[in-house]
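> Sequence:
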Amino acid sequence: MAKDESAQRMEKIVSLCKRRGFIFQSSEIYGGINGFWDYGPLGVELKRNLKDFWWKRNVRERDDMVGMDGAIIMNRAVWKASGHEETFSDPMSDCRVCNTRHRADQLPERDGKPYCPHCGAANMTEPRAFNLMLKSYAGPVENDDNLVYLRPETAQAMFVQFRNILDTSRQKLPFGIAQIGKAFRNEINPRNYIFRSREFEQMEIEYFCRPEDGLKLTDYWLEERLRFYEDIGIPRSKIRINDIPDGDRAFYSKKTYDLEYEFPFGVSELEGVAYRTDYDLSKHIEHSGKPLDYYDEVTKERFVPHVVEPSAGADRTALALLCEAFDEETVTDDKGKSEIRTVMRFHPRMAPIKCGVFPLLKNKPALVEAARSIIASLRADMNVFYDESGAIGRRYRRQDEAGTPFCVTVDFDTVGENGPEKAGTVTLRHRDSMLQERVAITDLKALLLEKIR
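For the working numbering, add 11 to where a residue sits in the sequence shown, where the first one is 1.
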């Protein structure tokens, strides 16, 4: 896809997200705040569907996984032990001409010299380290003793609670701890919409194992994660696997795969699957003096477990779902009039609204009553939307932009005004094909549940 075409596509996605209530700029009426976003009615449902399915697949459907929900603020000693306080930084460089700040390792170059992407001047300061952790204070006095950080990742809570979870869950190696939660990084230059922001949400697993099983389980989790993306509507063919070579990986990693997706702004990382060895547990044993080892009752060995970490960004994955779903097509009506149909082709299990229900006319009480009854019968099992405003075709188009896979129209046949032949049936319209079929109301819920799960 050409650069201009990709930029236009991204602009259309961002515009639709605001227009239809997926994502808004945080604090927009006050000019916003860079790197922070709010999810609207459709966006929060999309993200909730993603997180719920991730949890179902990785925790509820497995015997070897338990969950936790760690605090956003932890003892400062955690971040000293993990190395974050000293080394969690990016190189920053300022433009001497326009005074904008940028990550030095991402500056474009001209004739071998970095230049400012904002004004084009090749007059940048020397790179200097910038710590990415957001600081705060826990206590009545803002001094060094009360200094804390908003966590830059969810992983460390799982490491420091390893012993408690092992003892209370009675798990045996290999087993994992899963967590979905907020993290914060004071990014030098937030960019690409919700892809890189200062507040974001991670879906992360720490899978503990014997040292000799680490590499094998890294490949196992790579396949599991690829299967997950397929099951939410991102084809395996759209994901690039980047096997990070020696020298480019984190120093504690013996193997890392980056799963990358081709966004309109370029190929970028969705998730990392990293074999972190025993680095994290060993560091916390060293700094805390507490036992975080494992005793194998079969082999009578005591050792520090190794860890494989599949770590995904919920916001990045939501953005990939939006980009993958967005489509425009030319459709022609019965009168030969053509128009552009904008449609979000979400997988039904990810779609924010599963079914729209419409009475053909809003001033016909029998139709409205039947439509409301269908809404009531479906609401406990799925997110549904009632709409009685405007022409039926326009209502379909609104649901197409919301990504709703199915729409139900209650008409005069439904209530038997045109005879008994079709009484108790509705028109079920399919989003992607726009085909319509008559379905008995008594069969409707089972049919929809089969398709959205």
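Since the hints were derived computationally from the structure, they do not count as laboratory data. One or more hints might be untrue.
Stated by the list, open to error - Think about it this way: if two alpha-carbon atoms lie no more than 27 Å apart in a straight line, the pair counts; the simulated DSSO-like pairs of lysine-lysine are:
{"no.": "1", "residue 1": "183", "residue 2": "23"}
{"no.": "2", "residue 1": "301", "residue 2": "183"}
{"no.": "3", "residue 1": "146", "residue 2": "183"}
{"no.": "4", "residue 1": "346", "residue 2": "193"}
{"no.": "5", "residue 1": "91", "residue 2": "301"}
{"no.": "6", "residue 1": "183", "residue 2": "311"}
{"no.": "7", "residue 1": "67", "residue 2": "456"}
{"no.": "8", "residue 1": "146", "residue 2": "124"}
{"no.": "9", "residue 1": "265", "residue 2": "373"}
{"no.": "10", "residue 1": "346", "residue 2": "311"}
{"no.": "11", "residue 1": "91", "residue 2": "265"}
{"no.": "12", "residue 1": "433", "residue 2": "373"}
{"no.": "13", "residue 1": "227", "residue 2": "265"}
{"no.": "14", "residue 1": "266", "residue 2": "294"}
{"no.": "15", "residue 1": "249", "residue 2": "183"}
{"no.": "16", "residue 1": "146", "residue 2": "67"}
{"no.": "17", "residue 1": "67", "residue 2": "227"}
{"no.": "18", "residue 1": "375", "residue 2": "462"}
{"no.": "19", "residue 1": "375", "residue 2": "62"}
{"no.": "20", "residue 1": "29", "residue 2": "193"}
{"no.": "21", "residue 1": "375", "residue 2": "294"}
{"no.": "22", "residue 1": "375", "residue 2": "311"}
{"no.": "23", "residue 1": "29", "residue 2": "249"}
{"no.": "24", "residue 1": "91", "residue 2": "249"}
{"no.": "25", "residue 1": "91", "residue 2": "124"}
{"no.": "26", "residue 1": "456", "residue 2": "62"}
{"no.": "27", "residue 1": "462", "residue 2": "433"}
{"no.": "28", "residue 1": "346", "residue 2": "67"}
{"no.": "29", "residue 1": "294", "residue 2": "146"}
{"no.": "30", "residue 1": "23", "residue 2": "433"}
{"no.": "31", "residue 1": "311", "residue 2": "294"}
{"no.": "32", "residue 1": "183", "residue 2": "67"}
{"no.": "33", "residue 1": "183", "residue 2": "62"}
{"no.": "34", "residue 1": "23", "residue 2": "265"}
To be verified - Restraint ranges, calculated between C-beta atoms of paired labels, are given here:
{"no.": "35", "residue 1": "148", "residue 2": "128", "range": "28 to 38 Å"}
{"no.": "36", "residue 1": "146", "residue 2": "231", "range": "45 to 55 Å"}
{"no.": "37", "residue 1": "256", "residue 2": "301", "range": "43 to 53 Å"}
{"no.": "38", "residue 1": "397", "residue 2": "339", "range": "36 to 46 Å"}
{"no.": "39", "residue 1": "342", "residue 2": "231", "range": "41 to 51 Å"}
{"no.": "40", "residue 1": "388", "residue 2": "255", "range": "30 to 40 Å"}
Glycine included, C-beta positions come from ideal geometry on N, C-alpha and C.
> Compare the structure with each hint and give your call.
The hints, checked one at a time:
With a C-alpha separation of about 49 Å, the suggested pairing of residue 183 with residue 23 is violated against the 27 Å cut-off. Under the criterion of a C-alpha separation no larger than 27 Å, the hint pairing residue 301 with residue 183 is consistent with the structure, at around 20 Å. Between residue 146 and residue 183, the direct Cα distance comes to roughly 37 Å. Violation of the 27 Å bound is thereby established for this hinted pair. Proposed proximity of residue 346 and residue 193 is contradicted: the alpha carbons are some 51 Å apart, above 27 Å.
This hinted pair checks out: residue 91 and residue 301 have alpha carbons roughly 16 Å apart, not beyond 27 Å. The straight-line distance between the Cα atoms of residue 183 and residue 311 is roughly 13 Å, inside the 27 Å bound, and the hint therefore holds. Simply put, residue 67 and residue 456 have alpha-carbon atoms about 22 Å apart, close enough for the 27 Å limit, and the pair holds. About 34 Å separates the Cα atoms of residue 146 and residue 124, which puts this hinted pair outside 27 Å; it is violated.
Of the pairs offered as hints, the one joining residue 265 and residue 373 is violated, with about 63 Å between alpha carbons and a cut-off of 27 Å exceeded. For the given pair, residue 346 sits about 79 Å from residue 311 by alpha-carbon distance, which is inconsistent with the 27 Å threshold. Using a Cα cut-off of 27 Å, the hinted pair residue 91 and residue 265 holds, with the two alpha carbons roughly 23 Å apart. This hinted pair checks out: residue 433 and residue 373 have alpha carbons roughly 20 Å apart, not beyond 27 Å.
At roughly 12 Å between alpha-carbon atoms, residue 227 and residue 265 fall within 27 Å of each other, so this suggested pair holds. Annotation: proposed proximity of residue 266 to residue 294 holds, straight-line Cα distance about 19 Å (limit 27 Å). Annotation: proposed proximity of residue 249 to residue 183 is violated, straight-line Cα distance about 36 Å (limit 27 Å). Restraint check: the Cα-Cα separation between residue 146 and residue 67 comes to about 34 Å, which exceeds 27 Å; the hinted pair is violated.
Taken as a hint, the residue 67 and residue 227 pair is honoured in the structure, with Cα atoms around 24 Å apart against an allowance of 27 Å. Note on residue 375 and residue 462: the hinted pairing is violated, with a Cα-Cα distance of about 31 Å set against a maximum of 27 Å. With a C-alpha separation of about 40 Å, the suggested pair residue 375 and residue 62 falls outside the 27 Å cut-off, and the hint is violated. For the given pair, residue 29 sits about 23 Å from residue 193 by alpha-carbon distance, which is consistent with the 27 Å threshold.
A threshold of 27 Å between alpha carbons decides the hint, and for residue 375 with residue 294 the separation of about 70 Å lies outside it, so the pair is violated. Distance hint between residue 375 and residue 311 is unfulfilled; the C-alpha atoms sit about 76 Å from each other, more than 27 Å. With a C-alpha separation of about 26 Å, the suggested pair residue 29 and residue 249 falls inside the 27 Å cut-off, and the hint holds. A C-alpha spacing of about 39 Å is found between residue 91 and residue 249, which places the hinted pair above 27 Å, so the restraint is violated.
Distance hint between residue 91 and residue 124 is unfulfilled; the C-alpha atoms sit about 36 Å from each other, more than 27 Å. Annotation: proposed proximity of residue 456 to residue 62 holds, straight-line Cα distance about 24 Å (limit 27 Å). For the hint pairing residue 462 with residue 433, the CA-to-CA distance comes to about 24 Å; that is within 27 Å, so the pair holds. About 47 Å separates the Cα atoms of residue 346 and residue 67, which puts this hinted pair outside 27 Å; it is violated.
Distance hint between residue 294 and residue 146 is fulfilled; the C-alpha atoms sit about 22 Å from each other, no more than 27 Å. This hinted pair does not check out: residue 23 and residue 433 have alpha carbons roughly 41 Å apart, beyond 27 Å. Using a Cα cut-off of 27 Å, the hinted pair residue 311 and residue 294 holds, with the two alpha carbons roughly 24 Å apart. A threshold of 27 Å between alpha carbons decides the hint, and for residue 183 with residue 67 the separation of about 21 Å falls inside it, so the pair holds.
Taken as a hint, the residue 183 and residue 62 pair is honoured in the structure, with Cα atoms around 26 Å apart against an allowance of 27 Å. With a C-alpha separation of about 41 Å, the suggested pairing of residue 23 with residue 265 is violated against the 27 Å cut-off. Checked against the given bound of 28 to 38 Å, the beta carbons of residue 148 and residue 128, roughly 35 Å apart, stay inside it. With their beta carbons about 38 Å apart, residue 146 and residue 231 fall outside the hinted range of 45 to 55 Å.
Between residue 256 and residue 301, the C-beta spacing of about 35 Å breaks the proposed range 43 to 53 Å. At about 27 Å, the beta-carbon gap between residue 397 and residue 339 misses the expected band of 36 to 46 Å. Between residue 342 and residue 231 the Cβ separation comes to about 44 Å, which falls inside the hinted range of 41 to 51 Å. For the hinted restraint 30 to 40 Å between residue 388 and residue 255, the CB-CB distance of approximately 51 Å leaves it violated.
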